[in-house]
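Colleague: Next come the chains, spelled out residue by residue.
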Amino acid sequence: MQSTIAAISTGLTESGISVIRVSGDEAFSIVDKCFLSKSLEKALLKYSPNTVHLGFIADNNDEIIDEALVTVFKSPRSYTGEDTVEISCHGGILVTKRILDTVLKNGAVLAEPGEFTKRAFLNGKLDLSEAEAVMDVISSKNDLALSASVKNLNGALSKRVRAIRQKILDELSFIEAALDDPEHMSLDGYRDDLSDKLDGLISELKALISSADNGKIVKEGISTVILGKPNAGKSSLLNILLGENRAIVTDIEGTTRDTLEENINISGISLNIADTAGIRESDNPIEKLGVERAMEHAKNADLIIYVVDASKRLSDTEKIIDIVKRKKTIVLLNKSDLSTVVSEADIYKAFGIDNNITSGFRIIKTSTKDISENFGLEEFEAVLNDMFFGGIIGHNDEIMITNMRHKEALSSALSSLKLVKKSIDDNMEEDFFSIDLMAAYAELGKIIGEAVEEDLVEQIFSKFCMGK
Amino acid sequence: MAEIREKVDVCVIGAGHAGCEAALACARLGLETVIFTVSVDSIALMPCNPNIGGSSKGHLVRELDALGGEMGKNIDKTFIQSKMLNASKGPAVHSLRAQADKQDYSRSMRKVLENQEHLTIKQAEVCELLYEKIYDTDVTFNNGGSSEATREAGKLITGVKTFTGTIYECRAVIICTGTYLNARCLCGEAITYTGPNGLMAATHLSDSLKELGVELRRFKTGTPARMDRRSLDFSKMEEQLGDERIVPFSSSTDPDSIQKEQVKCYLTYTNEETHRIIRDNLDRSPIYAGIIEGTGPRYCPSIEDKVVKFADKKRHQIFIEPEGLYTNEMYLSGMSSSLPEDVQIRMYRTVPGLENCRMVRNAYAIEYDCINAKQLLPTLEFKNISGLFAGGQFNGSSGYEEAAAQGLIAGINAAMKLLNKEPLILDRSESYIGVLIDDLVTKDNREPYRMMTSRAEYRLLLRQDNADLRLRKYGYRIGLVAKDIYDKVVIKQRQIEDEVKRLKETFVGAGKNVQAFMEAHKSSPLKTATSLAELICRPELSYEDIEELDTGRSDIPLPCDVIEQVEIEIKYEGYIERQQRQVEHFKKLEKKLIPSDIDYDDVKSLRLEARQKLKEFKPISIGQASRISGVSPADVSVLLIYLEGKRA
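So the sequences go chain by chain: A and B. Per the working numbering, the first sequence starts with residue 1, numbered consecutively. Per the working numbering, the second sequence starts with residue 1, numbered consecutively.
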């Protein structure tokens with residue numbers, strides 16, 4: 001039987017609360033010995049799973065140490081997959097340590113570093129990359145690395161790797177099926193098809209690998225740029241969204257000469273929003289610079305809010321359209337309170353979009369003149385929600401590779417896929433493709449622990465510094 | 001009634017393709033062996049297709065031959081057309097297939113059996129397996145005294161009993177009952193309780209097996225109709241000819257001795273009208289009407305299945321193949337069916353060339369008892385029944401070649417057990433036979449298992465052209481391959497290695513004559529001195545082509561099969577190396593053995609499903625454990641960590 005382990009899960013500093021976690025077959029009976037419930041007399045085992053109970057923790061001399069909340073998790077629905085109790089006490093160092101001592105005296109053993117995570121992995125609660133991400137989170141030196149690790153912990157890397165693996169598997173199974181059933185599965189034209197698909201996979205892998213190389217800094221939030229011609233109402237929009245007069249708004253075209261950046265939160269979605277100078281030809285060197293910056297910003301944006309003055313005819317829009325076309329865009333037909341001369345159809349026409357249900361391109365009628373009325377903020381929120389939760393705009397979809405093991409696996413998978421490309425170029429028969437496809441598939445499997453590795457044991461042992 | 005009691009070493013039940021190989025292997029290794037068949041006239045019967053080999057099955061035959069099996073030699077004696085399939089594709093998928101004269105094949109194998117020392121043929125139905133229970137003794141000590149408790153640890157086979165009451169005492173039994181156990185044949189509404197071709201079914205053994213604790217299940221397979229050759233119009237079909245130069249299956253057959261005139265096969269197609277008739281009458285098909293409970297093979301489907309599963313296909317291939325030289329019967333490959341006779345004849349007559357066909361034998365489906373081979377060890381011995389082995393369709397496979405391969409391995413391992421020698425377990429990286437058996441005993445197969453190229457993950461190394469290089473050493477070690485035959489392969493191996501080395505180390509300069517040669521062969525000119533091996537690597541150049549540049553080449557030409565290997569090794573070197581790396585990784589896990597006394601309940605973190613599967617399958621290695629469906633990589637990691645802990 002595995003021992004029941006306990007440790008202080010929060011940092012050992014003076015803090016508001018501290019948490020002592022106890023996990024293992026004996027977790028309930030061990031905590032039972034020191035927990036006096038305020039409301040119920042029965043044993044923790046009898047509590048419903050995932051419930052919180054108020055009571056006191058007493059030491060073995062029945063001396064009360066602290067008032068505490070006890071959270072009961074029943075196997076397998078806990079972090080480790082085992083029966084787990086979390087004792088939240090008042091955060092003094094002395095109190096916390098005394099509670100831990102009591103729990104240890106009652107039969108728990110002190111958990112080794114990472115042991116909860118190790119158990120979570122062994123019990124199938126986390127895959128390898130997630131388990132490693134936990135370790136990375138624990139040992140993160142800065143916020144950035146932390147955020148990347150947290151993302152891996154949430155399974156973002158696993159998800160990406162799984163998706164790529166699935167694509168490779170699809171090709172493998174097609175080739176294999178065609179080998180065995182040439183009557184019903186034809187390989188005619190397949191090489192070109194595969195070659196194209198490989199290009200896609202290769203660039204996906206490259207992107208993942210380069211994120212490890214340059215440790216690209218990705219700010220939290222969707223990078224959003226407000227774009228439009230001068231005096232279309234861009235700055236008013238920013239002010240409305242911010243609920244304050246952050247940007248100077250006048251009726252004079254070209255008031256905003258530089259880019260203003262703000263982080264705002266719209267119904268839970270975080271936007272890094274930039275108001276930019278109106279796009280027009282100008283001789284003024286400062287304004288010109290502003291326009292250039294605006295264009296530069298727009299190129300790197302995840303989302304563009306294109307504000308159009310609906311009361312004026314569309315003109316000189318090429319420059320904007322050129323950029324906006326390739327981006328996820330919300331077009332605001334602003335000043336819709338005035339007599340409008342630009343219709344939604346005009347916009348579609350200007351963008352050359354005939355199918356107006358393109359999900360990455362939305363049009364909303366707004367007015368930024370009067371905050372209280374008709375702004376269309378609700379619709380804007382709804383559209384934003386839809387695009388975000390529909391996965392059209394990602395909450396920065398960069399996944400950072402923080403782990404050397406992952407990087408190595410990605411690199412070998414990449415070179416295997418390149419070898420498949422080479423086989424295609426060398427005009428090799430299709431059955432040769434599967435050797436390297438298989439290798440790429442296996443390499444990627446290492447990241448998420450889907451490939452059984454003989455030396456995995458060692459990896460885990462060393463990573464979690466356990467055993468001996 | 002006076003009881004007859006005989007005493008032998010091994011009893012083989014069934015004389016089909018599995019039984020023949022099993023019995024020959026045991027007898028050749030010196031064990032007194034008796035082979036039982038319900039009809040001596042049906043030894044090595046080919047009740048379905050009239051050919052041996054084909055995609056991936058040809059590999060099995062080559063491997064069987066390398067290990068000392070008989071099938072390759074027998075087809076070399078009795079084929080009437082031969083063809084290397086997929087010759088335009090990569091060397092891994094080249095596969096030899098020969099049309100057999102069915103009767104000749106059967107007769108020829110019977111002759112081999114009849115003249116084999118230590119082998120007795122007996123026409124009898126075995127209806128009972130005799131056994132003893134084996135007990136483990138647990139001794140517990142308490143208060144200075146000890147108490148003993150016994151528990152049943154398994155069973156031990158001691159003999160068989162025939163329907164007529166004769167008892168054969170033996171130390172090993174190999175079950176190769178094929179499709180005969182509780183068989184019934186279905187042709188639409190007409191059902192007969194017989195084995196294939198109207199032969200007697202074996203109806204008693206199933207009960208005895210159940211009593212032994214063997215779990216049985218029902219599988220089905222089918223065969224198409226046979227037509228009278230005179231009723232077919234071949235002018236509406238495409239002729240299918242054999243190869244000009246015939247390659248034998250067995251490396252002991254002299255290629256020059258088997259060059260002969262070959263028969264023609266023909267190709268025609270079904271059409272929309274055929275499919276309409278089938279669809280309109282599906283309710284009269286025993287499978288779709290629910291009369292057949294057995295599961296059929298997905299990869300050798302009946303025409304009904306094809307029409308249903310490939311609904312968008314406008315036509316399906318039908319190969320018309322002769323059943324032999326002395327018969328007018330023609331086999332309709334690709335059109336097996338269990339529809340009633342009247343539907344059959346209407347459906348067949350829609351096919352071009354078959355408009356006036358007359359059926360000599362109807363198509364029918366056959367349903368039979370077999371096992372899920374997860375009850376077997378990789379040696380093909382039952383996990384809890386010492387001395388009981390099984391091979392062939394009884395294990396849930398389909399196909400003559402699959403059957404023969406298992407029969408050979410079951411025979412070898414029964415013999416190894418009785419001779420107290422190490423068993424033969426081939427792994428997935430060294431043979432198709434290894435893949436076949438590993439799949440059978442490790443995966444939860446739910447339909448008749450057919451060998452396929454795609455099942456072998458390391459197929460570039462498992463080519464049909466190098467089966468002798470891969471496996472002859474095992475045949476020799478076991479004692480089924482004679483020293484002189486083994487020596488030949490050792491010499492071949494050395495010749496290949498020496499020649500590859502020489503070609504890699506011999507360079508030609510970028511001189512005038514060399515560049516002229518390159519130009520003449522439409523190959524780009526050399527920039528620097530280049531090895532001969534690098535030249536052979538070029539797709540447009542071959543070993544033969546570069547002879548004039550290769551001044552160091554021996555005057556006595558190397559044998560063709562050596563040159564073939566040299567070329568493959570050089571041309572595909574990169575791929576072969578990469579595949580070998582994959583194999584190394586695979587081997588590591590295969591070598592991590594799981595002790596047979598492991599208590600999976602003691603491995604705390606295993607998921608319930610994995611624990612159950614591991615207990616059920618009892619894998620012998622981590623590698624095998626990782627292939628069991630229901631055991632996840634995380635479970636295997638848990639197991640690895642557990643074993644690591646035990647070791648420390």
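Just so you know, the hints here were simulated from the structure itself, not pulled from any lab data. There could be a bad hint or two in this list.
[Unchecked claim] For lysine-lysine, the following DSS-like pairs were computed, each having C-alpha atoms within a straight-line distance of at most 30 Å:
#1 A:Lys418 <-> B:Lys383
#2 B:Lys604 <-> B:Lys618
#3 B:Lys618 <-> A:Lys125
#4 A:Lys421 <-> B:Lys618
#5 A:Lys167 <-> B:Lys604
#6 A:Lys197 <-> B:Lys313
#7 A:Lys422 <-> B:Lys604
#8 B:Lys89 <-> A:Lys167
#9 A:Lys422 <-> B:Lys309
[Claimed, not checked] In silico negatives: residues of chain A with every beta carbon more than 12 Å from chain B:
#10 Ile17
#11 Ala163
#12 Arg293
#13 Lys407
#14 Ser416
#15 Leu419
#16 Ile435
This structure is a prediction, so every number in the text was calculated from the model and none was measured. We put the beta carbon where it would ideally sit given N, CA and C, even for glycine.
Colleague: Now tell me if each hint is right for this structure.
Modeller: Verification of the hints:
1. A:Lys418 <-> B:Lys383: Since the Cα atoms of A:Lys418 and B:Lys383 sit roughly 46 Å apart, the hinted pair is violated (cutoff 30 Å).
2. B:Lys604 <-> B:Lys618: This hinted pair holds, its Cα atoms lying about 17 Å apart.
3. B:Lys618 <-> A:Lys125: With Cα atoms ~25 Å apart, B:Lys618 and A:Lys125 stay inside 30 Å; holds.
4. A:Lys421 <-> B:Lys618: 41 Å, violated
5. A:Lys167 <-> B:Lys604: 35 Å, violated
6. A:Lys197 <-> B:Lys313: 27 Å, holds
7. A:Lys422 <-> B:Lys604: 47 Å, violated
8. B:Lys89 <-> A:Lys167: 25 Å, holds
9. A:Lys422 <-> B:Lys309: With a Cα-Cα distance of about 36 Å, the restraint between A:Lys422 and B:Lys309 is violated, given a limit of 30 Å.
10. Ile17: 31 Å, holds
11. Ala163: 18 Å, holds
12. Arg293: 50 Å, holds
13. Lys407: 20 Å, holds
14. Ser416: For A:Ser416, whose nearest Cβ neighbour in chain B is about 8 Å away, the distance does not exceed 12 Å, so it is violated.
15. Leu419: 8 Å, violated
16. Ile435: Violated, since 5 Å does not exceed 12 Å.
Against the hints set out earlier in the document, violations occur for numbers 1, 4, 5, 7, 9, 14, 15, 16.
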